[in-house]
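With chain A held as given, fit chains B and C onto it using these hints.
Protein chains in written order, with the working numbering: chain A, 1 to 263; chain B, 1 to 466; chain C, 1 to 383.
Among the hints, a few may not be true.
Listed below are several chain B residues computed to face chain C (Cβ distance under 7 Å; list not exhaustive) [said to hold, decoys possible]: (1) 41; (2) 42; (3) 137; (4) 138; (5) 198; (6) 201; (7) 403; (8) 407.
Below are the DSS-like pairs computed for lysine-lysine, each with C-alpha atoms no more than 25 Å apart in a straight line [said to hold, decoys possible]: (9) B:390 - B:258; (10) A:186 - B:121; (11) C:249 - A:81; (12) C:6 - C:22; (13) B:355 - B:386; (14) C:347 - A:119; (15) B:417 - B:355; (16) B:221 - B:258; (17) A:186 - B:46; (18) B:153 - A:230; (19) C:249 - A:130; (20) C:132 - B:221; (21) A:186 - B:153; (22) B:78 - B:64; (23) B:286 - B:78; (24) A:130 - C:356; (25) B:286 - B:300; (26) B:417 - C:88; (27) A:230 - B:121.
In case anyone wonders, no lab produced these hints; they're calculated from the structure. For clarity, every value in this text was computed on a predicted model and none was experimentally measured. The C-beta atom is built at its ideal place from N, Cα and C for all residues, glycine as well.
For reference, the chains in residue letters:
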Amino acid sequence: MLVAGVDVGAATAKAVILSNGGIVGQAIVPTGDRVVTAAENATRLALQQAGLWKEGVDFKELFDFVISTGYGRHSVPFAMKAVTEIICHAKGAHFLLPTARTIIDIGGQDSKAISLDEKGNVSNFVMNDKCAAGTGRFLEVMAHVLNVPIEELGKIALTSNSPCQISSTCTIFAESEMVSLRAEGKPKEDLIAGIVKAVASRVAVMARGIGFRRDVVFTGGVAKNIGVKKALEEEIQMNIIVPAEPQTMGALGAALLAQAELG
Amino acid sequence: MYSQFLQSCGFEAEEIRKESSRIDRAFHIAGLGPEDIERAQWRIRKYFDTTLLGVRQSLKIWLKRFTDLVLAREEGRKIIVYPSWPPEPRIVSMVAMASEDVFCETPEIVMDVVLGQIFDKINPVLEAGEEHGLPPGLAMCALNQARLGGIVKGVVPVPDMTITTSFFCDQTPKTDELLHELYGVRNIFLDNCMDAAWDEPVEVAPRCVSYFAAEIRRVIKEFEEAAGVTLSEERLREARAAYARPIFVYQEIMQMLKEADPQPISQVDLGLLYWLIQAPEQKSLKEGLAISNNFAREIKARIESGYGVVAKGAPKIAWFCHHATDPGVMRMVEQTGLAIPVTAVIWTPPWLRIKSEFTTFAERVADQTVRGGINRSTKGIIEFFKRCCKEFNVDGFLYLYFFSCRPICFSALMVKKAIEKELGIPVLALEGDVWDTRSYSVEALKTRVETFAELLRSRKLLEARR
Amino acid sequence: MQAREKLSAHLRSRIIELSELKREGRKVIGYLPGGYMPEELVYACEAVPVPVGLFRGGEHEPVLVAGAYLPRWIDTFCRAQIGYKVLKEEPLYDLIDLLVVPITDNNVRAIADCWNFYTDVEVLRYGVPHAKTENGFRYYLEGLHLLKQKLEKLTGTKITDSRLKDAIRLCNEERRLFQEISLMRKAKCPPLTGREFVELNHASFLIDKGAMVEILRSLCSELSQQESSRPRQPRILLTGSTLALGDYKVYDLVENTGGAIVVAEEFAEGMRHFSAEVSLDGDLMEALADCYFRRRIPPAWFRPARERLDYLIRLSREFDVDGVIWYQLMYRDSYDIESFYFPRILKEETGLSMLKIASDYDASELGPFRTRIETFIQIIRKN
Chain A
1 MLVAGVDVGA ATAKAVILSN GGIVGQAIVP TGDRVVTAAE NATRLALQQA GLWKEGVDFK
61 ELFDFVISTG YGRHSVPFAM KAVTEIICHA KGAHFLLPTA RTIIDIGGQD SKAISLDEKG
121 NVSNFVMNDK CAAGTGRFLE VMAHVLNVPI EELGKIALTS NSPCQISSTC TIFAESEMVS
181 LRAEGKPKED LIAGIVKAVA SRVAVMARGI GFRRDVVFTG GVAKNIGVKK ALEEEIQMNI
241 IVPAEPQTMG ALGAALLAQA ELG
Chain B
1 MYSQFLQSCG FEAEEIRKES SRIDRAFHIA GLGPEDIERA QWRIRKYFDT TLLGVRQSLK
61 IWLKRFTDLV LAREEGRKII VYPSWPPEPR IVSMVAMASE DVFCETPEIV MDVVLGQIFD
121 KINPVLEAGE EHGLPPGLAM CALNQARLGG IVKGVVPVPD MTITTSFFCD QTPKTDELLH
181 ELYGVRNIFL DNCMDAAWDE PVEVAPRCVS YFAAEIRRVI KEFEEAAGVT LSEERLREAR
241 AAYARPIFVY QEIMQMLKEA DPQPISQVDL GLLYWLIQAP EQKSLKEGLA ISNNFAREIK
301 ARIESGYGVV AKGAPKIAWF CHHATDPGVM RMVEQTGLAI PVTAVIWTPP WLRIKSEFTT
361 FAERVADQTV RGGINRSTKG IIEFFKRCCK EFNVDGFLYL YFFSCRPICF SALMVKKAIE
421 KELGIPVLAL EGDVWDTRSY SVEALKTRVE TFAELLRSRK LLEARR
Chain C
1 MQAREKLSAH LRSRIIELSE LKREGRKVIG YLPGGYMPEE LVYACEAVPV PVGLFRGGEH
61 EPVLVAGAYL PRWIDTFCRA QIGYKVLKEE PLYDLIDLLV VPITDNNVRA IADCWNFYTD
121 VEVLRYGVPH AKTENGFRYY LEGLHLLKQK LEKLTGTKIT DSRLKDAIRL CNEERRLFQE
181 ISLMRKAKCP PLTGREFVEL NHASFLIDKG AMVEILRSLC SELSQQESSR PRQPRILLTG
241 STLALGDYKV YDLVENTGGA IVVAEEFAEG MRHFSAEVSL DGDLMEALAD CYFRRRIPPA
301 WFRPARERLD YLIRLSREFD VDGVIWYQLM YRDSYDIESF YFPRILKEET GLSMLKIASD
361 YDASELGPFR TRIETFIQII RKN
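Same shape as in the complex, but just chain A (with noise of 0.2 Å):
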């Protein structure tokens, strides 16, 4: 049985493959203009990587089910349902950390928290889609801004004794709050951490909303950033499990969720 999930995002679109239930291929690829385009993108590649790429291959009739999910899954041409990430990223993160109960997901354009249950269904959630901080975005603007490739951010935050305090709420405020700060002379690791803070400590206050319970699991693209994430632990005070794909766990949920559709 041959089952994919997409996940199409604001950012970049992913795919798993499961063969008789097993992650046989994962990709990433960046969304770009076109939502059809990335989700096919990533579907091949995933396809590759297993090895069950063909030219010319239909994805209707080479798998079995199909969903998608992210802000774009309605889009998706071959997928046969479509479900939403919340549910998804759910589904994902019990697969493969049982004992999740707390998902905090840090995307490019939004971020959620998620409580679930010892079987792996969602029994609340809580969602930031409308303000930028808090989200991957602050991070790029950031970034941006310092001349720092983005990937190197949470290392250099770590050599940081004392962060910076970022105290706007605003992405566009706080960015003047850095540029004045670096005026002043402030090291850039600490007005790194001081970033890096800021967003954990947003993501935090939106998430209290649902509560800390053990496991908390950590995904999205700005769980690769280890800066944020030690951010997070000491904001929440609990220990953070960050998957080995951060980024794939909705597309996973949603193959998960494909296999389950075949009963």
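Chains B and C only, in chain A's frame:
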């Protein structure tokens, strides 16, 4: 341990000996450590003019008020009552005088001035408020975030009851209900309706006054039952008079500033006094009167010597309400070369200085509150500001309105248009927040204020040439 | 369905009817549909009540336009009203002779002030106290008397007891019929969707009352004869601040794409309240105040909040609801604060979950709302 700090806040050696263990305990509970003291020391030097006796005395009373509040439950005050700001501390000062067992304080104002202005450590309290019922992004008033957050963080004790008005503002009563849900706090509400017809004169409001007076009577009874005390009418009148005295002195100070050029004292310093004389607690009120008189005396001396904190001939602006959490904001305004002779919110308009026609106590109090203007209606707010600007003959109105205060913010553009049209003076409707500077910091506001100052200066030059 | 076709026809021709009535000299009284202005008083002096502020909420352009008059930190629906007036696209807003605004919370007060400050329309206000105390009742009653006097003066028609009784009887009949239809939604397969019920309710504000009662009567008998054996869908209680005419996106997302059904609503503004009737005994003005002030489920700006929250819990039980969706406009502060602690109470007392959605009448919200609603329906389906 912090003797130097306490000294700069006006404490004498003897007082330090007597009070320091209590203050130390209060600081400990509030999470204030040596680096916070150091920062506070620096901030006091930077923002407040401690050469003035009035300023030193104010700082001292503020720290005492803070200590009294934080330790109220520990020190065995039996009934702790939290009123709200605004708009009716008068009723509550009467309540505060009821008995020794009753402790009455507005925790958010005390935290704003002490933790905010002096220590710059109010943000954690605000964040605690945000997490427990008043989230960010919804234009929630930071005054209420502090009220809630201070209790959540254990900085201020859980009160036995709240007494708040439930008409000017919808958020404070809902926050009190939240306190009831979370902590079982008893709520007492004083209701009214701001339903004046648009063309109804501000001075007349018989229907409103009757309703409010009936509410005042009801609330007094409810409080007496809840607290097990009796409020005699004599004590009520005494309390009301005690509350009015320092405000009267403040009006005289405002008259002095109206005539003075250059501006003799910074509004940052006067702000310490302004927030102080609104205290519900009788002790602070008595001391507030003495401090007001000292301020008045010192300001008079400065005017006579020609001492100024802003240049002579600077454009004069009316300002709405003293900044509660960040002295840097008003300091910045004065540094752009604008003189601030009047903060409108405490100005007593002429029609209020006339004795009330009503005879019963409750009706007189109701009459005074309602006729004030700001508590009456939007038209009342517009009239109030208009007449204030006119009486003080200002060159412009810098209306820093609270963005998260529904009753104030929605009329901001109307106030601007009305004053510009009817008085012909420029108005800067500056969106800000005096209870929280995270999004409306000095940096964020500077450009607009500087531009406004330029505008007023060039207008003054043009007028001079004519 | 016959009744529904009739209703559509009435709605289509209403604006012309109103213009004609005006030409005949009848007065058109605009009012905020927050449930605190008794229509009976308007009918009793032969004027026509029209819910200005109910027409066409849910659109973004008026909200944008309002930015020139009001800062954005006010309830979206309230902000939109000055936008509609200024845009001049809605003829109803220009037809009214008087705007009646019962003053409830600050957001509504903003509407009255904007109309007073920026337009020439005459505005009548009277306050609605925030608690159901004796003092409050008396104050509200005084307000109704003010309204009565104003209406009599404007129309030149005295509101006699006999005229008022006739109006009350008619309005009571309409309420009774709505109650009957509403109870049909308790069935395992409700004979009408939430959206259909809301459209009916909204129509009742717009068209002639006599015609509405007729339509409701025939609809009642049509619906009671309907039989349906659809499988049980997830049942939703929808509650919130304002449900304006035209603002149906939540219903579309819940009932069309979501596969659930809304079986009951509770809103402060935009929905007619029908569970209490006006008594015909004794002083009629007091009876009106009793029905509209005392016996009405209080909106979130009333104290204590528990009265409304207990009612929502009761409603959830009576209608066998699977989940509660809280739909409000942004910056309606009383609702924001209640929405924070109500889910816990709801969970503790009924085991039900709640989803909160706050709208700014912005087109970009549809995607995010859809995600939340779909997820929520999934969650409650499992239970």
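Query raised in the report: Under the criterion of a CB-CB separation shorter than 7 Å, is residue 41 (chain B) in contact with chain C as hinted?
Result: 37 Å, violated
Report task. Mind checking the alpha carbons of residue 286 (chain B) and residue 78 (chain B) for me, to see if they're no more than 25 Å apart? Result -> Roughly 22 Å between the alpha carbons, so the hint for residue 286 (chain B) and residue 78 (chain B) holds.
Query raised in the report: Are the Cα atoms of residue 286 (chain B) and residue 300 (chain B) separated by 25 Å or less?
Result: Holds: residue 286 (chain B) and residue 300 (chain B) sit about 22 Å apart, inside 25 Å.
Query raised in the report: Going straight from one Cα to the other, do residue 78 (chain B) and residue 64 (chain B) come out at no more than 25 Å?
Result: Between residue 78 (chain B) and residue 64 (chain B) the Cα gap is close to 19 Å, so the pair holds against 25 Å.
Report task. For the pair supplied as a hint, residue 249 (chain C) and residue 130 (chain A), confirm whether the alpha-carbon distance does not exceed 25 Å. Result -> 18 Å, holds
**Report entry** Satisfaction of hint between residue 356 (chain C) and residue 130 (chain A), Cα-Cα up to 25 Å
**Finding:** Satisfied, since the Cα-Cα distance of roughly 15 Å is no more than 25 Å.
**Report entry** 25 Å Cα cutoff - pair residue 417 (chain B), residue 88 (chain C)
**Finding:** This hinted pair holds, its Cα atoms lying about 22 Å apart.
Report task. Take the C-alpha atoms of residue 230 (chain A) and residue 121 (chain B), compute the straight-line distance between them, and say whether it is at most 25 Å. Result -> With a Cα-Cα distance of about 24 Å, the restraint between residue 230 (chain A) and residue 121 (chain B) holds, given a limit of 25 Å.
**Report entry** 25 Å limit on alpha-carbon distance, applied to hinted pair residue 6 (chain C) and residue 22 (chain C)
**Finding:** Cα-Cα ~23 Å, so holds.
Query - Hint status (Cβ of residue 403 (chain B) to nearest Cβ of chain C, threshold 7 Å) - result: 5 Å, holds
Query raised in the report: Taking the least C-beta to C-beta distance, is residue 137 (chain B) closer than 7 Å to chain C?
Result: 9 Å, violated
Query raised in the report: Given the proposed pairing of residue 249 (chain C) with residue 81 (chain A), does the C-alpha separation stay at or below 25 Å?
Result: 22 Å, holds
Checked against the numbered hints above, the structure violates hints 1, 2, 3, 6, 15, 16 and 21; every other hint is satisfied.
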